[in-house]
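J.: Going line by line, the protein sequences match chains H and V.
Under my numbering, the first residue of the first sequence carries the number 1, and numbering increases by one thereafter.
Under my numbering, the first residue of the second sequence carries the number 1001, and numbering increases by one thereafter.
The hints are simulated quantities; they were obtained by calculation from the structure and are not laboratory data.
Here the structure is a predicted model, which is why all the values come from computation and not from measurement.
Even for Gly, the Cβ is constructed at its ideal location relative to N, Cα and C.
Don't take each hint at face value.
Said to hold, decoys possible - Using C-beta positions, here's what the derived DEER-type ranges look like: (1) H:R229 x V:P1252: 53 to 59 Å; (2) V:R1213 x H:T332: 32 to 38 Å; (3) V:S1391 x H:D320: 55 to 61 Å.
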Amino acid sequence: MTNAINQHMLSRRRLMTGTAAALATGAVVSPSMLMAQSSSPLPIATTVSADEKFPPGEPGKDYTPVHTPNGVTAPFKVVDGVKVFHLIASEFEHEFAPGLTAICWGYDGRTPGPTLEAVEGDHLRIYVTNRLPAPTTVHWHGILLPAGMDGVTGLSQAPIQPGETFMYEFKLNQYGTYMYHSHFDEMTQQGLGMMGMFIIHPRKPVGPKIDRDFAIMLSEWAIEPGTRRPNTLEMTDFNVLTMNSRAFPGTAPLVVQKNQRVRIRFGNLGAMHHHPIHLHGFTFRITETDGGPVPESAQWPGNTVLVTVGATRAVEFVADAPGDWAMHCHMTHHAMNQMGHDVPNMIGVDAGGLDSQVRSVLPGYMTMGQHGMGGMGDMGMAVPHNSLPMVGMEGPFGYIDMGGMFTIVKVRDAEVGFDDPGWYENPPGTVAVAATAEALRRDGINVDRKIDGPRPSERAGTPDASTAAPTHAASHSDGNPATTPATAPTSAPAAVAYACPMHPEVTDDEASRCPKCGMKLVPQE
Amino acid sequence: MNARTLVAAIALLGVGGCVTIPREAGFGDVQQLLAERGVGRVHWNQGTAADADVERHVADLLSRPLDVNYAVQVALLNNLALQATYEDLSVAQADLVGAGLLGNPIFDGELKLADGEGPVIELAVVTDFLDIFFIPARKRLAGQAFELAKLRVAGEVMSLAHRTRQAFYTAQASAQALDLHRTVLQAAEASRDFAKRLHDAGNINDLAYASERATYEQAKLNLADAELQATEDREALTALMGLPAPTAQLQPRLPELPANELSLDDLEQKALERNLTVALARRQIESNARALGITRSMGLFANAEIEAGVAAEREGDGAWAVGPAVSLPIPLFNQGQPAVATAAAEFRRARHAYGAMTVDIRSAVRAATARVQAARVRAEQYRNVLLPLRSQITQQTQLHYNGMYVGAFDLLRAKQDEVTAGAQYVQALRDYWLARSALEALVDGWFEGASTSAARSLTGTSTNPSSSEATHD
């Protein structure tokens, strides 16, 4: 055992010596050089020798600070050349999005905890105070340190009992995107939010300068609608998917000025699911894994990066296209807010006449979902207290029916800070609109063109659901009447009256809300 | 003595030859007993102008939806069996009048024709000699019997009132349950129709659709059962109210639980004092005691017929011989002991029966009190806790449905569960009213639950099996 450790230490030391040698020649060390120089054992992401001493790295001078949307960066002080951090583990009320809060656990009263940020070569002392009702420890995920600082309860250290404060001390001999999380009763404590990002900047610059550096922790929660505590016993059926513990529309946008070089670092400490994060509008390069930088020659271009459980990934791109661009997990159920998955499949169901029949028993009833879930969050129906059913948000062109792991990258020509600059104003002629009759004519488009393929077979005595007129607010085609161009070639009537789907007697000229039930009025035929 | 003397003697014996019996026959006393027990108006149809008044009153009552008291009132005025019972009063009254009369004298005549002589005529008028002494005692006995009859008739009225009350609550509850069953069926029908549409759209399979259909068809059967039950319960009430057709309208909902419970103090004592069956048993002892005393005092003559009178004889020579006549038994074999023994045994029997009845009624009062209390707790639990919870569940399910956490089936099922809980509340409320009226009947009315044969024989009425409080549910 001792032998094996020694061997490992030796090999690590040998590698570092090699690096120091390279530095001594004055060459700028790039990760690809490291890779080339040592095919085995695996390289460590370093720019300086582990033996070298450096003053504590300063934000703005030694590195461009990372921005954690919806989060904060941990403060530190320097004591005798040592960076001192203090994390307090505790329980608190956390908001996932307006309308949904729950009692979570985390650090310094938040989840994810404050982003720890330091520089390669920094010497750290991190105090951890436990104000939880249970013991805890902190594991510094991916960071190379003495085994006794690794934070695994029972294996590396004794648990930090409630009320106790432990001190972790180690020197950072690597750089990259890492994480920290509880390593006591992980299922419970991570399930309640005890995690954070741990960013280590290289001592010496690596690669092109980054203008905007974002850190996003991906996690998943099981929160039954109407409850206010995540269920940490859930294994597979997670219904709140978050970026930095926020679900859209609770996620803050990533604000960028045009042509800035952007890095987005993702960490995944969810219980079970990997997340293919897809960025609209750009091709990025996957520049880091949790092992550190990917050699330039091996960097994958793409627009979706799979962030597996327990791993980190960083992507970089130049934000050369202004606009509001979606960025989200592409698992479709991960981009929805709470909903039931054990409900009848309503697609294509003809509900004509059913509502009045059911309402004689249940006055509040309305058939929903015959055309899918779109717009469901916008209907304004009363839902259980403390829940986010299908909620998205009102966008510039109508309702954005996304939720969960969804956020927006906002690229602007003008100089911007990190605050939401509002919706992008698309230049004229650059927004998809309903085709004009003139355009259809010009390009010879026959909208009544026959299409091949079998139509759904009809059941005797029942109308073909696919041709049934939409009877319902959740129809995809509703759109936002205020922004639907009047030039729509299909039978758009000049004057559309709107009525409440629940109270047909409530009508209005515009898509206002019903004074009786608060539901959005829908166009009448 | 001549013929004139004889006629005078007959006239003397036949005191007041013509007697009238009052039609009222103690009905006023019965009314008094009933009034003390808060029973509504009663009327004995005797072909007077008042009958028409009563008929109008009943018609007037029936023109509105009835509450329990009005329904009882209709039954009291309209039930023909009760009118038959009132005639018991007439019979007892007649017995009483009869008891005050001397036995009719017996005229005995013989005519003998002999050759050559005039006819020999023998005439005698005799009457039961002891009657003269026993009339007061016999009147007292008949008076006792009359009093017993009044109690019995009042008890019958109380019994009818009680049975009507029970039938009313039962019918009201069944009608209310029927409404709820209809709502359940509506929900089940909506569920089935919803399933049909899902099935038509290709979204659920034959299995799921068949299962919804089965639920609906079962609900239909349950409704049919509920309809029959409502009809039967309604007819039981209609019969008690003496109506030829179920034309009476009932108020549609059972009364809510009263805020204040009956005072449950001293109910055993009150029942012993006020229950008519117990009163009847008590009076029966007095009656038997009196009968025993009389029998004893009559002693030798208990079974004797002692006749005294006048006998006259006309001899062939035309001369009349007149003199007193007497006939009396010689108490050689029967000296009256069997009669005394019988009366004594009847007295003891009455006393034991009374004792048994007091034990029975005390138990019955305690059990009925417990039933009232338990029924109240149960109904309150439904009203205050379970129904609000069920309705909250429906509301919450609606919210969860709105959020698409649950489907329409879950929503409709929640509604059905709420309605079913409503039906269970109706049942609990009915049980409360049945228990309460049973307790009231025990304390104030007619002890239907007399369990010993002695007690049953005492009351002299057959208990109506459908009216016993043991039959509910």
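J.: All the hints need checking, so say for each whether the structure fits it.
T.: Consistency of the hints with the structure:
Between R229 of chain H and P1252 of chain V the beta carbons are some 46 Å apart, a value that contradicts the proposed interval 53 to 59 Å. Checked against the hint of 32 to 38 Å, the C-beta distance between R1213 of chain V and T332 of chain H comes to roughly 34 Å, which is consistent with it. Taken as a hint, the range 55 to 61 Å holds for the pair S1391 of chain V and D320 of chain H, whose Cβ atoms sit roughly 59 Å apart.
Of the numbered hints given earlier, the model fails hint 1 alone.
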